[in-house]
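Novice: Below are the chains, spelled out letter by letter.
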Amino acid sequence: MVIRDFSVTNFRNYKQLHIEFSDKVNVFFGNNGQGKSNLVEGIYFLNHLNSFRTHRIKKLIEFGEPISQIKATIDKDGTSFAARIEISGRGRKVWLNDTPIRKLSEYITSFYAIVFNPDSLHYYRHFTGERRGFFNRFLSFFDGIYLHEIREFRAVHAQKNRLLKSGEKSSILDWNILFVDRSCGIVTKRREMVERINLILPELYARISGREAKLLLEYRPSFPEDSDTWLKLLEKSVEQEFKAGHAQHGPHRDDFCLLLEDGKRDEFFSQGEYRISLLALKLAINVLMAERMQFHPVLILDDLFSELDATVRANLRQYLFQVPNQIFITSTEPGDAHDFPDPRIMEIRAGQIT
Amino acid sequence: MNIPPSLERLVQELARLPGIGQKTAQRLAFSILRHDEARAQALSDAVLQVKEKIRFCERCSGFAEEALCQICQDPRRDERVICVVEQPSDIYVIERSGAFRGRYHVLMGVISPLDGVGPEQLKIRELARRLENEPAQELIIATNPSLQGEATALHLSRVLEGKAEKITRLARGMPVGANLEFTDDVTLSQAFSGRQDFVSS
Ligand SMILES: [Zn+2]
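These protein sequences, in sequence, are chains A and B.
So the number in my numbering is just where the residue sits in the first sequence, counting from 1, plus 26.
So the number in my numbering is just where the residue sits in the second sequence, counting from 1, plus 4.
Hints in this document: simulated from the structure, not taken from any laboratory.
Since the structure is predicted, the reported quantities are computational estimates derived from the model, not experimental observations.
Do not take every clue at face value.
Under the rule of at most 25 Å between Cα atoms (straight-line distance), these lysine to any residue pairs were calculated in the SDA-like manner [as the list claims (entries may be wrong)]:
| id | chain 1 | residue 1 | chain 2 | residue 2 |
| --- | --- | --- | --- | --- |
| 1 | A | Lys262 | B | Lys27 |
| 2 | A | Lys191 | B | Gly120 |
| 3 | A | Lys191 | B | Lys27 |
| 4 | A | Lys258 | B | Lys27 |
| 5 | A | Lys308 | A | Lys119 |
| 6 | A | Lys84 | A | His152 |
| 7 | A | Lys50 | A | Asn341 |
| 8 | A | Lys102 | A | Thr135 |
| 9 | A | Lys191 | B | Asp119 |
| 10 | A | Lys262 | B | Ser35 |
| 11 | A | Lys129 | B | Val121 |
| 12 | A | Lys258 | B | Arg162 |
| 13 | A | Lys195 | A | Thr135 |
| 14 | A | Lys191 | B | Glu124 |
| 15 | A | Lys195 | B | Val121 |
| 16 | A | Lys119 | A | Ile134 |
| 17 | B | Lys27 | A | Arg128 |
| 18 | A | Lys240 | A | Ala340 |
From the derived model, a few chain B residues whose C-beta atoms are all more than 12 Å from chain A [stated by the list, open to error]:
| id | residue |
| --- | --- |
| 19 | Arg31 |
| 20 | Ser101 |
| 21 | Ser150 |
For every residue, glycine included, the Cβ atom is placed at its ideal position computed from N, Cα and C.
This is chain B alone, in the form it adopts within the complex (with noise of 0.2 Å):
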C-alpha cells in the first residue's frame, strides 16, 4: 500500500499504542483526517498538555495537576482508610465500581526480581511515613491477583505491622490470574465487601 509518509507516521505512532493494531490505527488516523483542522488542533493540544500538566501527586503518587490529586484534596473522603493500589490508572478502576470512599497509595509497580524490581523501588517508605502522620484504621491491600501482587501484599503486610490498626487485602472474589484493569465493577465491589484480615502463613 502507498500512504503518504505524513499519513503513514500518524498510523505508525497510533499503532504504538497499546490494544492498538495496524489496522484500528489505519481507521484512527482516516478518521483524525476527515476532521476540520480545529478538531485535529484539539486532539493534538490534549496530548500534549496531557504531558505538560499531569505529574505524581506528592502523598499518593496518583495523577495530579497539582501538588495534590483530586482526591487527596478532597474533605469528604475518608483519610482514615488507605488503599494500596500498583498503578495510578488502577485509582480510576476502583473509582468507577463507587465501592470506595478513603484515599488511596500507588506503589508504583510490584515486587518482581526476574523484572529487577525489589520493595527499595516502589513507594513502600513513602507510604510508612505516611502511616505515622496520618495514623489509618485500615489498610487495603489491593494489587492484583498475580504472584507479584501477592508477593507484594505479604510484604506490604509484614513491614507495615503495626502501622496500621487493621492490614486487609483485597483478593477474594477476584478471578484468579484477573487483572484489576479488567475486572468488572460489581465483581470488584464484592471484593471490596469481601475484603478479608490479613493472615500472612
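With the rest of the complex left out, here is chain A (with noise of 0.2 Å):
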C-alpha cells in the first residue's frame, strides 16, 4: 500500500497541513518539540484508527479544537481510495470514498503501518496488554476472522467475569465449556504465528545486528493448550476463581517473549538489545504480511537511526533499500536518509513544512 497525499487539521500541534509523499522513503527532520512524532502518529491513525502514544484520542485534537480531520489518498491493490477520519469528543468516524463507514473493524483490516518510535517500544517491552494488542491487531488483519474469534472470547469472558463476581455457580460450568471452545482457535492461531515468525526472524535479527546469536519469540500461553486438560483444570480452579472474582487463565493472559538462542530471556536485555531485538520481530512481521498476503504495509521508523550503532544503522538502511514498502523516517539529522534513492526530505518546524 502507499499513501499518496496526506493531510491533516487541528490534529496535535498541526493546525492545517497537506503532503504529497514520495511512494518509497520520505523523511521528516528537524529539532525536538517541532512535530514529527504528531506527523507520524496521523500517519500510524490513518490505518490503525488508534494512537502508538496513547489510549485517549481526544489528545489528538488541537488544543481547544471540537474536532481533527484526517484525510488522505491510499493505493492498494490497484484501487485508489479517499479517506477520512474525524476525531471528536465523541471518538473517530470513518468515510472510504465519501461512504460513512459503520464497522470500523472492515477499515481496520484493509490497511496497516508498522511503527517503530520510543514510547511503542516503551509499553510493548512494559505491558503484557501492549503486547498482545500488537498481536491481535496483527492476527486480525493476517487471518480473516481472528478478529470475530477474539470478540465472540471477550463476550464468553465478559459473561464469566460477571458470573465469578455474582458468585452464582449454577452455570459456570457451561460458561467454562463455551470459554475453553472460544479459546482454542485464538491459542492455535497465536502459535501458528509464532511458528511463522520464527522461520523469518532469526535471520533477520543477525542480518540486521550483525551478532552471531539467533534471536525466537516465544508465545507463552498460560493455560493447557489441550482443551479437555484445560477444562479439567478450570473445573478444579472453580473455587479459587470465584474467590478472585475473574477468570484467572485464558487468552487474555497469554504472553509473549523475545529470547536469545543462549537462554538469554529479552527481561534481561540491555535497552540497546531489546531496540534492535523489537526492530528485527516488527520486521520480521513486515516480511510474512510480503510472503503470505503480497502485501507491503507502510513503515514508520520514529527517531530510530540515533539510537542504533554506526554497524547496525548501516545493516539497516541496506535492509531498507531492498524492500518494496513505502517508508517514513523521523529525525533530527536530514543526513540520516541521504544515501536512500531519491528521498523525499521535509523540514518540520513548529507544526510547519518548511
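Put the complex together from the two separate chains, hints included.
Specialist: Here it is, written out as C-alpha cells:
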C-alpha cells in the first residue's frame, strides 16, 4: 500500500497541513518538539484508527478545537481509496470514498502501518496487554476470522467474569465449556503465528544486528493447550476463580517473549538489545505479510536511527534499500536518509513544513 | 411541527413499539385518524383484550387464553417430542415453517449473567418436572445460536441428561449470529431435519 497525499486539520500541533508523499522514502527532519512524531502519529492513526502513544484519542485534537481531521489518498492493489477520519470528543468517524464506514473493523483490516517509536517500544516492553494487543492487531489483519474469534471470546469472558463476581455457581460449567471452546482457535492461531515468525526472525535479526546469536519469539499461553486438560483445570480452579472474582487463566493472560538462542530472555536484555530485537520482530512481521498476503504495510521509523550504533544503522539501511514498502523516517539529522535513492526530505518547524 | 396533543400522544405511543420510528408512527396515526369510529374502536378493543385474555400456558408457558394453549390441547400433536424455545413468540416462527408437529416448552429467556439471568430464573425446573410426568422420546433445544443460547443449551443438556431418550440441538444450518425470529422458513425447516444429537464437549 502507498499513501499518496495526506492532510491533517487540528491534529496535535498541526492547524492545517497537506503533503504529497514519495512512494518510497519520506524523511521528516527537524529539532525535537517541532511535531515530527505527531505527524507520523497521524500516519499511524490513518491505518490503525488509534495512536501508538495514547489510548485517549481526545488528546490528538488540537487544544481548544472540537474536531480533528485526517484525509489521505491510499493506493492498494491497484485501487485508490479516499480516506477521511474525524476525531471528536465522541470518538472516531471514518469515510472511504465518501461512504461512511459503520464497522471500523472493515477499515482496519484493510490498511496497516508498522511503527518503530520510543514510546511504543516502552509500552511493548513493559505491558503484557500491549504485547497481546500488538499480535491481536496483526492477526486480525492476517487472518480473516481472528477478529471475530477474539470478539466471541471477549463476550464469553465478560459473561464468565460477571458470573464469578455474582457468586452464582449453577451455570459456571456451561460458561467454562464455552470459554475453552472460544479460546481454542485463538491459541492455535497465536501458536502458528509464532512458528511462522520464527522461520524468519533469527536470520533477520542476525542480518540487522550483525551478531551471531539467534533471536526467537516464544509464545507463553497461560493455560494448557489441550482443551480437555484445560477444562479439567478450570473445573479444579472454580472455587479459586469465584474467590478472585475474575477468570484467572485464558487467552487474555497469554504473553509473548523474545529470547536469544543461548537462553537469555528479554527481561534481561539491555535497552539497546531490546530495541534491535523488537525492530527485527516487526520487520519479520513485514516479511510475513509480504510472503503470505503480498501486502506491504507502510513502515514508520520514528526517531530510530539516532538510537542505533553505526553498524546496525548501516545494516538496517541496506536492508531497507531492498524492501518495496513505503517508508517514513523522522530524524533530527537530514543526513540519516541521504543515501536512500530519491528520498523526499521535508523539514518540520513548529507544525509546518518548511 | 404543531401536532394537536391527542394526536401527538398516539404518535408517541406507537413510536414506543419495536421497529417503529417517528415517521412510521406518524403515518400509522394519520391512518388511524382517517378510520371511522367503529374501526378505531375495534383496534382499541383488540389492544385491551389481548392484555386481558392472554396468559401463559400452564404446561408450556406459550401464549394461551385458557389454562392450556391450543397446541397443548391439540391431540394430533406428538407429545413425545418437545421443542424448547426461548420466548413464546419463537413458537409461531417454528409453526409458520410447518416443520414441527410436537409440543413446545418456553424457557422465558436465556442464561445471561450480564443481564442477571441464571438457570433459576428460567422455566427449567418446570421442564424437568414435565419430563417426569410425560416421558419424552426427544427433546429438541431450539435456543438461538447466540452465546447465551449456546450456554443455555449446554446447561439443559447437562441437567436434563437421562430425562429424555434423546436430546438434540437445533442450530446447524442456521446462520451464525442469526435470531430465530429473523430466520426464513426454508432455513428453519432444514435446521429441523438436520438437527444433531447433543454432544456436550
Ligand atoms: Zn401450552
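Novice: Now tell me, hint by hint, if it's right for this structure.
Specialist: Each hint, compared with the structure:
1. A distance of roughly 56 Å separates the Cα atoms of A/Lys262 and B/Lys27; the hinted pair therefore is violated under the 25 Å criterion.
2. Between A/Lys191 and B/Gly120 the CA atoms are separated by roughly 11 Å; this keeps the pair inside 25 Å, and the hint holds.
3. For the hint pairing A/Lys191 with B/Lys27, the CA-to-CA distance comes to about 43 Å; that exceeds 25 Å, so the pair is violated.
4. A C-alpha spacing of about 55 Å is found between A/Lys258 and B/Lys27, which places the hinted pair above 25 Å, so the restraint is violated.
5. At most 25 Å may separate the alpha-carbon atoms for a hinted pair to count; A/Lys308 and A/Lys119 exceed this at roughly 28 Å.
6. This hinted pair checks out: A/Lys84 and A/His152 have alpha carbons roughly 24 Å apart, not beyond 25 Å.
7. For the hint pairing A/Lys50 with A/Asn341, the CA-to-CA distance comes to about 18 Å; that is within 25 Å, so the pair holds.
8. Taken as a hint, the A/Lys102 and A/Thr135 pair is honoured in the structure, with Cα atoms around 12 Å apart against an allowance of 25 Å.
9. Between A/Lys191 and B/Asp119, the direct Cα distance comes to roughly 13 Å. Compliance with the 25 Å bound is thereby established for this hinted pair.
10. Distance restraint check for A/Lys262 and B/Ser35: the Cα-Cα separation of roughly 63 Å exceeds the 25 Å cut-off, and the hinted pair is therefore not satisfied.
11. Distance restraint check for A/Lys129 and B/Val121: the Cα-Cα separation of roughly 29 Å exceeds the 25 Å cut-off, and the hinted pair is therefore not satisfied.
12. At roughly 16 Å between alpha-carbon atoms, A/Lys258 and B/Arg162 fall within 25 Å of each other, so this suggested pair holds.
13. Taken as a hint, the A/Lys195 and A/Thr135 pair is broken in the structure, with Cα atoms around 39 Å apart against an allowance of 25 Å.
14. The hinted pair formed by A/Lys191 and B/Glu124 meets the criterion: a straight-line CA distance of about 17 Å does not exceed 25 Å.
15. Restraint check for A/Lys195 and B/Val121: the C-alpha separation of about 12 Å stays at or below 25 Å, so the hint holds.
16. The straight-line distance between the Cα atoms of A/Lys119 and A/Ile134 is roughly 13 Å, inside the 25 Å bound, and the hint therefore holds.
17. Of the pairs offered as hints, the one joining B/Lys27 and A/Arg128 holds, with about 23 Å between alpha carbons and a cut-off of 25 Å not exceeded.
18. Taking the CA atoms of A/Lys240 and A/Ala340, the gap is about 20 Å. The hint holds against a cut of 25 Å.
19. For B/Arg31, the shortest C-beta to C-beta distance to chain A comes to about 26 Å, beyond the 12 Å cut-off, and the non-interface label holds.
20. Non-interface status of B/Ser101 relative to chain A is upheld: no Cβ of that chain comes within 12 Å, the nearest being about 28 Å off.
21. With 12 Å as the threshold on Cβ separation, the claim that B/Ser150 sits away from chain A is violated: the shortest Cβ distance comes to roughly 9 Å.
Hints 1, 3, 4, 5, 10, 11, 13, 21, counting from the list given before, are not met by this structure.
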